[in-house]
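Using the sequences and the hints, build the whole thing.
Which chain is which? The protein sequence lines are A and B, in order. For the first sequence, the positions run 5 to 382 when the numbering used here is used. For the second sequence, the positions run 5 to 382 when the numbering used here is used.
If you're looking for bench data, these hints aren't it; they were derived computationally from the structure. None of the values given here were measured: they were computed from a predicted structure. Where hints are given, some of them may not hold.
[Stated by the list, open to error] When the alpha-carbon atoms are kept at most 25 Å apart in a straight line, the in silico SDA-like pairs for lysine to any residue are as follows:
1) A:Lys-185 / B:Lys-194
2) B:Lys-194 / A:Glu-378
3) A:Lys-185 / B:Lys-185
4) B:Lys-91 / A:Arg-82
5) B:Lys-185 / A:Glu-378
6) A:Lys-91 / B:Asp-282
7) B:Lys-320 / A:Gln-362
8) A:Lys-194 / A:Ile-155
9) A:Lys-194 / B:Glu-378
10) A:Lys-185 / B:Asp-369
11) B:Lys-91 / A:Val-281
12) A:Lys-91 / B:Asn-85
13) A:Lys-273 / B:Ala-366
[Said to hold, decoys possible] Sample of chain B residues at the chain A side, in silico, Cβ under 8 Å:
14) Phe-138
15) Glu-144
16) Asp-282
17) Met-296
We treat Cβ as the ideally placed atom computed from N, Cα and C, and that holds for glycine.
2 protein chains.
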Amino acid sequence: MKRRKFVHQAAGITSLGLLGGGLLSACQPAPEACNGDQETARTGNAGETLEWKMVTTWPRDFPGLGTGANTLADYITRLSNGRLTVKVFGGNELVPPFEAFDAVSRGTAEIGHGAPYYWKGKAPAAQFFAGVPFGLTAQEQNAWLYYGGGIALWREVYAPFNLIPYPVGNSTGQMGGWFNKEINSIEDLKGLKMRIPGLGGEVLKRAGGTPQNIPGAELFTALQTGTIDATEWVGPYNDLAFGLFRAAEYYYSPGWHELGTTLEAFVNKTAFDALPVDLQAVVEVACQAANMDMTAEFMARNGDALIRLQQEHGVKLRTFPDDVLAHLRQITAEVLRELAEADPMSARVYESFSAFSQQVGAWSDISERLFLTERSAS
Amino acid sequence: MKRRKFVHQAAGITSLGLLGGGLLSACQPAPEACNGDQETARTGNAGETLEWKMVTTWPRDFPGLGTGANTLADYITRLSNGRLTVKVFGGNELVPPFEAFDAVSRGTAEIGHGAPYYWKGKAPAAQFFAGVPFGLTAQEQNAWLYYGGGIALWREVYAPFNLIPYPVGNSTGQMGGWFNKEINSIEDLKGLKMRIPGLGGEVLKRAGGTPQNIPGAELFTALQTGTIDATEWVGPYNDLAFGLFRAAEYYYSPGWHELGTTLEAFVNKTAFDALPVDLQAVVEVACQAANMDMTAEFMARNGDALIRLQQEHGVKLRTFPDDVLAHLRQITAEVLRELAEADPMSARVYESFSAFSQQVGAWSDISERLFLTERSAS
Chain A
5 MKRRKFVHQA AGITSLGLLG GGLLSACQPA PEACNGDQET ARTGNAGETL
55 EWKMVTTWPR DFPGLGTGAN TLADYITRLS NGRLTVKVFG GNELVPPFEA
105 FDAVSRGTAE IGHGAPYYWK GKAPAAQFFA GVPFGLTAQE QNAWLYYGGG
155 IALWREVYAP FNLIPYPVGN STGQMGGWFN KEINSIEDLK GLKMRIPGLG
205 GEVLKRAGGT PQNIPGAELF TALQTGTIDA TEWVGPYNDL AFGLFRAAEY
255 YYSPGWHELG TTLEAFVNKT AFDALPVDLQ AVVEVACQAA NMDMTAEFMA
305 RNGDALIRLQ QEHGVKLRTF PDDVLAHLRQ ITAEVLRELA EADPMSARVY
355 ESFSAFSQQV GAWSDISERL FLTERSAS
Chain B
5 MKRRKFVHQA AGITSLGLLG GGLLSACQPA PEACNGDQET ARTGNAGETL
55 EWKMVTTWPR DFPGLGTGAN TLADYITRLS NGRLTVKVFG GNELVPPFEA
105 FDAVSRGTAE IGHGAPYYWK GKAPAAQFFA GVPFGLTAQE QNAWLYYGGG
155 IALWREVYAP FNLIPYPVGN STGQMGGWFN KEINSIEDLK GLKMRIPGLG
205 GEVLKRAGGT PQNIPGAELF TALQTGTIDA TEWVGPYNDL AFGLFRAAEY
255 YYSPGWHELG TTLEAFVNKT AFDALPVDLQ AVVEVACQAA NMDMTAEFMA
305 RNGDALIRLQ QEHGVKLRTF PDDVLAHLRQ ITAEVLRELA EADPMSARVY
355 ESFSAFSQQV GAWSDISERL FLTERSAS
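Written out as structure tokens, the structure is:
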């Protein structure tokens with residue numbers, strides 16, 4: 005295999021825009037990327053040792069996300085007893101973070117790890133597979149993907165790019181963001197300069213706010229200097245790591261814009277098809293196991309970080325008022341309808357997603373909601 | 005490998021007691037079991053083809069549970085490219101359902117699939133790994149097991165039996181049961197003959213009820229003839245299949261006694277240790293992937309079945325009043341405390357479980373609870 009120099013490793017975090025930031029930027033060439041490198045997938049005859057490259061949209065070893073990509077690579081390597089090894093590249097090490105999709109599509113790398121809504125400029129319907137505002141919880145999202153027809157549609161959406169998608173990880177519920185004033189009514193969102201990318205940003209805009217898209221590593225400074233008034237990032241685990249509690253007083257929930265964001269692996273179909281059938285199973289089952297692992301990790305570490313934010317850093321937790329959420333939810337329905345009207349594939353995915361939401365939502369409503377409500381009151 | 009005749013296959017469902025019934029019955033010999041069969045685990049040198057037997061506590065192909073065991077067997081077989089094949093036996097095919105633990109312990113089979121609370125008579129602490137009344141949701145339970153120290157403790161609990169445990173599947177939230185009268189106060193539980201096994205049954209007893217333990221297949225008749233006044237079973241998916249809606253008018257939630265029951269695989273440690281390292285990885289990663297698969301299936305099918313129960317069968321959904329739940333919760337705390345006082349290992353597990361519950365519960369409270377509440381109101 006060719007060896008490549010790692011460059012821009014330190015810059016990875018700057019251009020990350022996690023989760024949702026700077027998604028669809030044009031290719032910003034790094035020396036080793038965007039130059040039409042057309043390394044073809046190797047064939048995988050039984051007995052042959054293969055090495056795959058995994059490009060990611062995360063900085064190397066980024067907590068929960070980069071480490072989750074490492075877990076996936078480790079599973080594949082161990083399951084195959086080294087017949088298929090996977091080398092993980094952080095964002096900007098092989099290609100810039102948001103070139104990962106194209107890089108795997110053209111075979112520069114065989115597999116990638118990212119988040120589906122990053123590719124909305126190429127395939128608007130991809131956003132549903134990440135999750136949409138006021139959408140599904142992590143557990144509901146997995147039910148739709150694995151047993152509600154979601155993955156079959158997702159495969160259709162990625163097929164034109166010669167990619168096969170897999171759910172690999174879930175951030176679980178995100179937080180609604182960091183604010184320096186309390187949000188008591190929808191009026192308080194008017195004119196608010198807030199870092200919130202993607203569909204959530206579009207919803208804020210229609211509510212009178214000014215969505216901004218700022219890469220993750222710049223968030224702290226932007227918030228502290230007043231370049232922005234507010235920001236969302238991920239959840240307690242990742243927000244604690246960035247020290248956002250030092251730049252804002254109030255920490256809001258729920259994260260109405262990202263209820264349980266599905267992360268993904270995408271595999272070059274030519275490379276996958278060339279694998280012997282047992283290594284194909286290795287890739288698929290490893291993805292499913294890594295999905296479980298990452299979801300469990302986010303749940304566990306978010307809980308721990310939330311307590312530290314409160315007890316060690318005195319963060320003031322607040323919840324958005326019901327009428328604010330209801331208003332944002334109404335706008336979200338409009339945004340999703342328009343998305344479906346503008347793109348036939350999005351219309352099909354939206355139909356499946358909506359029908360399944362009704363069904364699984366009724367179940368969550370009389371099971372988890374009731375229990376969590378009872379537990380909260382006790 | 006020896007071939008065995010399948011016997012009592014049809015009887016499997018009768019003795020199932022799912023989830024939680026008849027757990028700790030003494031061995032009831034079937035011709036091919038309980039006779040000290042000491043088949044030893046085969047060694048697993050690289051290149052050798054192995055066949056493992058999987059005994060289960062479910063009837064063969066039982067929806068969600070038996071089929072989940074099949075999925076795990078299929079993953080192992082495919083990942084290993086047939087170097088390790090797994091043959092699944094329903095309850096009573098090789099050993100009676102609740103002899104599965106002993107059968108794998110002594111090496112009659114190499115792997116089993118069941119639910120941890122079935123073995124409370126041998127190891128009381130096992131109940132925490134299945135989940136306890138007013139405990140954790142499926143997602144929280146996985147977070148504790150994988151990232152909160154749960155699995156390490158579980159391994160300690162099963163070590164004396166030469167078994168290694170893995171979480172494999174989750175029923176997601178269960179339902180609170182089928183009743184022929186409304187439950188308006190704790191008084192309505194007094195004298196109530198209800199099929200509810202395990203810790204939930206102990207709680208009902210202390211609330212004045214009369215818990216019964218009746219195998220699943222007998223539930224319908226027992227409820228229809230008035231042998232019992234009420235029953236819980238699993239959730240909409242499995243309850244619909246048993247036709248319980250024909251024998252009772254009211255269907256209650258939440259299932260306070262089983263919020264998200266973790267199912268399990270248990271592997272004979274001698275057999276596991278004899279595997280080459282890559283096949284060890286195959287077993288472990290397959291378990292984790294099957295855990296994701298089964299959980300997603302239960303979520304999806306429970307949602308579908310709930311709608312059918314209401315729309316096609318006119319089932320009346322009811323929720324337990326808050327004060328009834330609060331009372332049952334208080335009793336549960338007593339029961340768990342006594343369990344911890346009576347058994348040092350249970351005390352250690354309870355401590356870990358309780359500490360993690362505080363942490364992850366705070367996170368669920370401001371994420372999933374808030375969102376599910378908002379969605380329910382809309």
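Consistency of the hints with the structure:
For the hint pairing Lys-185 of chain A with Lys-194 of chain B, the CA-to-CA distance comes to about 52 Å; that exceeds 25 Å, so the pair is violated. For the hint linking Lys-194 of chain B to Glu-378 of chain A, the alpha-carbon distance of about 22 Å falls within 25 Å, and the restraint holds. Distance check on the hinted pair: Lys-185 of chain A and Lys-185 of chain B sit about 51 Å apart at the alpha-carbon level, beyond 25 Å; violated. Note on Lys-91 of chain B and Arg-82 of chain A: the hinted pairing holds, with a Cα-Cα distance of about 24 Å set against a maximum of 25 Å.
For the proposed pair Lys-185 of chain B and Glu-378 of chain A, the alpha carbon gap of about 22 Å is at most 25 Å, so the pair holds. The hinted pair formed by Lys-91 of chain A and Asp-282 of chain B meets the criterion: a straight-line CA distance of about 18 Å does not exceed 25 Å. About 19 Å separates the Cα atoms of Lys-320 of chain B and Gln-362 of chain A, which keeps this hinted pair within 25 Å; it holds. For the hint pairing Lys-194 of chain A with Ile-155 of chain A, the CA-to-CA distance comes to about 38 Å; that exceeds 25 Å, so the pair is violated.
Distance restraint check for Lys-194 of chain A and Glu-378 of chain B: the Cα-Cα separation of roughly 22 Å lies within the 25 Å cut-off, and the hinted pair is therefore satisfied. At most 25 Å may separate the alpha-carbon atoms for a hinted pair to count; Lys-185 of chain A and Asp-369 of chain B meet this at roughly 23 Å. Restraint check for Lys-91 of chain B and Val-281 of chain A: the C-alpha separation of about 21 Å stays at or below 25 Å, so the hint holds. Between the alpha carbons of Lys-91 of chain A and Asn-85 of chain B the distance comes to roughly 23 Å, so the proposed pair stays at or under 25 Å and holds.
Straight-line distance between C-alpha atoms of Lys-273 of chain A and Ala-366 of chain B comes to about 42 Å, which puts the hinted pair past the 25 Å bound. For the restraint placing Phe-138 of chain B at the interface with chain A, the shortest Cβ-Cβ distance is roughly 7 Å, inside the 8 Å limit, so the hint holds. Interface hint at Glu-144 of chain B: satisfied, since its Cβ lies 6 Å from the closest Cβ of chain A, which is below the 8 Å cut-off. Here the hint on Asp-282 of chain B is kept, as its CB sits about 3 Å from the closest CB of chain A, short of 8 Å.
Look at Met-296 of chain B: its Cβ gets to within about 4 Å of chain A, closer than 8 Å, so that hint holds up.
Taken one by one, the earlier hints fail for this structure at numbers 1, 3, 8, 13, listed in ascending order.
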